[in-house]
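Q: The whole structure should be built from the sequences, with the hints applied where relevant.
Note that the protein sequences, when read in sequence, are chains A and B.
Our numbering puts the first residue of the first sequence at 50, with every later residue one more than the last.
Our numbering puts the first residue of the second sequence at 27, with every later residue one more than the last.
Heads up, some of the hints might be wrong.
[Unchecked claim] Label pairs and their calculated CB-CB ranges:
no., chain 1, residue 1, chain 2, residue 2, range
1, A, L198, B, T230, 52 to 60 Å
2, B, R245, A, P88, 39 to 47 Å
3, B, K428, A, Q128, 20 to 28 Å
4, A, V141, B, G67, 23 to 31 Å
5, A, V141, B, R245, 57 to 65 Å
6, A, W90, B, A416, 45 to 53 Å
7, B, L458, A, W90, 34 to 42 Å
8, A, P134, B, V346, 40 to 48 Å
9, A, G187, B, N81, 14 to 22 Å
10, A, L198, B, T35, 28 to 36 Å
11, A, G172, B, P419, 39 to 47 Å
12, B, M227, A, A60, 32 to 40 Å
13, A, Q128, B, L354, 20 to 28 Å
It should be emphasised that the hints constitute simulated quantities derived from the structure, not laboratory data.
Everything numeric in this text was worked out from a predicted model, so none of it was measured.
Where is the CB? At the ideal position from N, CA and C, for every residue including glycine.
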Amino acid sequence: MLRRFRDVLAAVLATAASLCLLFLMLIVVFDVTVRAIDPTWRLVGMVDYVEFSLAWLIYLAIPMSILAGQVIVVDLIDQYIRPRPLVIAGLVLTGGLVALTGYQTITPALDALDWGDRTLDLGWPKFWYWIAIWVGLGLSAIAALVAMLSDDKEAK
Amino acid sequence: MTPQAIGVTAIFALVALVFLRVPVAVALLGVGLAGYGAIEGWRVALITLGTTPFNLAQAYSLSVVPLFLLMGVVAARTSMAQELFAAANALFAGRRGGLAMATVGACAGFGAICGSSLATASTMTRVSIPEMRRYGYADDVASGVVASGGTLGILIPPSIILVIYAIIAQESVPALFAAALFPGLVLIGLHILVIAVMARMRPTALPTAPALPVAHKLRALGQMWKMAVIFAVVIGGIYLGWFSPTEAAAIGAFLTIAIGVASRQMDMRGLASALRETVGTTGSLFFIVLGAFVFAFFIVQTRIPATLGEWVVSLGLAPVVVILFMVLVYVILGCFLDSISMMLITIPVFLPIAQEIGYSAIWFGIFIVIVAEIGLITPPVGLNIFVIRAQQPDMRLSDIYKGIAPFLLAHLGGIAALIAFPALALWLPSVLY
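A: Given below as structure tokens:
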């Protein structure tokens, strides 16, 4: 059950992040193409489009990589000791640190909302970027927990 | 404790945590936070921790990374590597060691588009090792060429590792791409030289494949048009100022997908799988970059780079001695850490020292990438070695290690050339930008 939840969550995150990546690629290609046709045609707010899709891509990809066990680790020690306790400890640290990071983002995010910070080109509220960060870090903490529990269950 | 003492303790703690299997990103984040807290107080450290994710979310220059990754992943799923190998083989066929030289050429060309050493080594293992074995090449030669040739991919532009360096060192991506071109060509030349020498010393280990008729050569060369078009558009576009790196990466990814679809080597299912693979790699890379941001803030607070730089200058050592010491550190670290982690951990410390003794950040970026490449082929981690072994399980690990040894000379020669002639890296960017 937990394994299934892990796979479904990873698939949903991968699909959502893939859509962000596709959007990022296509919007830049569109902008370059229309500028090639006529230099006066350009998509206003390209930087905002790119940064916004990139923010969502990054913060959906991080929990996906945790769930898929793709985070980079040096596993030399596996040759000498049983790695499971270290894997679990690594996931606990991962979950704890991303949760702490997420908690610490609350104040600056709410400040950005209160002060009405906006992007330069399109005037989008910067708070929207903070939402991507909250979603990403929250899902990362959940991903570490799910990975830990499902690993534990499989081991048993 | 002084900030410097805290910094040194933290660096040891970081290495210990990494070896205890803590994810590199988490070790960087945790040690960076704890160290920052010990120096500046927890309130300041936690405020920095809370604002760092936003720096990552609004970094336009980082958009290059997933787009180039996608381009490489898609290229690896098409027949571009086979076509490139056939073209390179057509050029070198009839010479002793020609297949090995063709492998180096194909690795360099494919690595240029792919941007990943592992993907290059993995693809070329499938493409060229069976061919070399068929013609009677010794296993150590066949595996050594692919393992070492695979590393050429991370230097020849467009290179993901150079983009990440550019972001951390706050340098220009196009200037770094320009700087990497000649050192990359020199490294290719040195690899071919090593093969030529080996062919003279061990003729039976590197037999001669039959020469090809001119018509066959021309046909094979013509088949590499896909690679040529993508490379010309992406790198030519950046060098000529037509595109920004982000635009070049998006065009390159789009073009690679379009060519894959048009040649019926990529369907919707394949594209979805390529996107998923790219997203996974993006997540693991950016998690490390997030940790590296926090760690870099902490290292600046320790004043270790400045103190070390002043100390090195006060010793009156020749700059080349300091650089050679860094080579030694990187070679040792490279035995245990992957190249991106190694770079992200060391740049905040080593780059200011290099600048203090007179080296430019552009030169240092090329230097660090060449040295990091060595880590990919040195035991015990040497990821390229494991990629080959996983796909050719009947090859002995000892043969692969033996095969790599001569090519280490090529890498060391490349480093020596870069140190002796800094213009190798600095001339082209000075002309173009």
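Q: Work down the list of hints and note, for each, if the structure agrees.
A: Against the structure, the hints come out as follows:
Range check, A/L198 to B/T230: about 57 Å between beta-carbon atoms, so the 52 to 60 Å window is met. Taking the beta carbon of each, B/R245 and A/P88 are about 40 Å apart, inside 39 to 47 Å as hinted. The hint said 20 to 28 Å for the Cβ distance between B/K428 and A/Q128, and at roughly 21 Å that hint holds. For the hinted restraint 23 to 31 Å between A/V141 and B/G67, the CB-CB distance of approximately 26 Å keeps it satisfied.
The beta-carbon spacing between A/V141 and B/R245, approximately 59 Å, falls within the hinted interval of 57 to 65 Å. Taking 45 to 53 Å as the suggested C-beta distance range, the pair A/W90 and B/A416 conforms, at roughly 49 Å. Judged by the Cβ atoms, the range 34 to 42 Å given for B/L458 and A/W90 is violated: they are separated by roughly 28 Å. A/P134 and B/V346 have their C-beta atoms about 46 Å apart, which keeps the hinted 40 to 48 Å range intact.
Between A/G187 and B/N81 the CB atoms are about 19 Å apart, so this pair conforms to the stated range of 14 to 22 Å. Evaluation of the 28 to 36 Å hint for A/L198 and B/T35 yields a pass: the beta carbon distance comes to about 34 Å. Evaluation of the 39 to 47 Å hint for A/G172 and B/P419 yields a failure: the beta carbon distance comes to about 58 Å. Separation of B/M227 from A/A60 is about 53 Å and departs from the stated range, judged on CB atoms against 32 to 40 Å.
Range check, A/Q128 to B/L354: Cβ separation about 25 Å, and the 20 to 28 Å hint holds.
In this structure, the earlier hints numbered 7, 11, 12 are contradicted, and the remaining ones agree with it.
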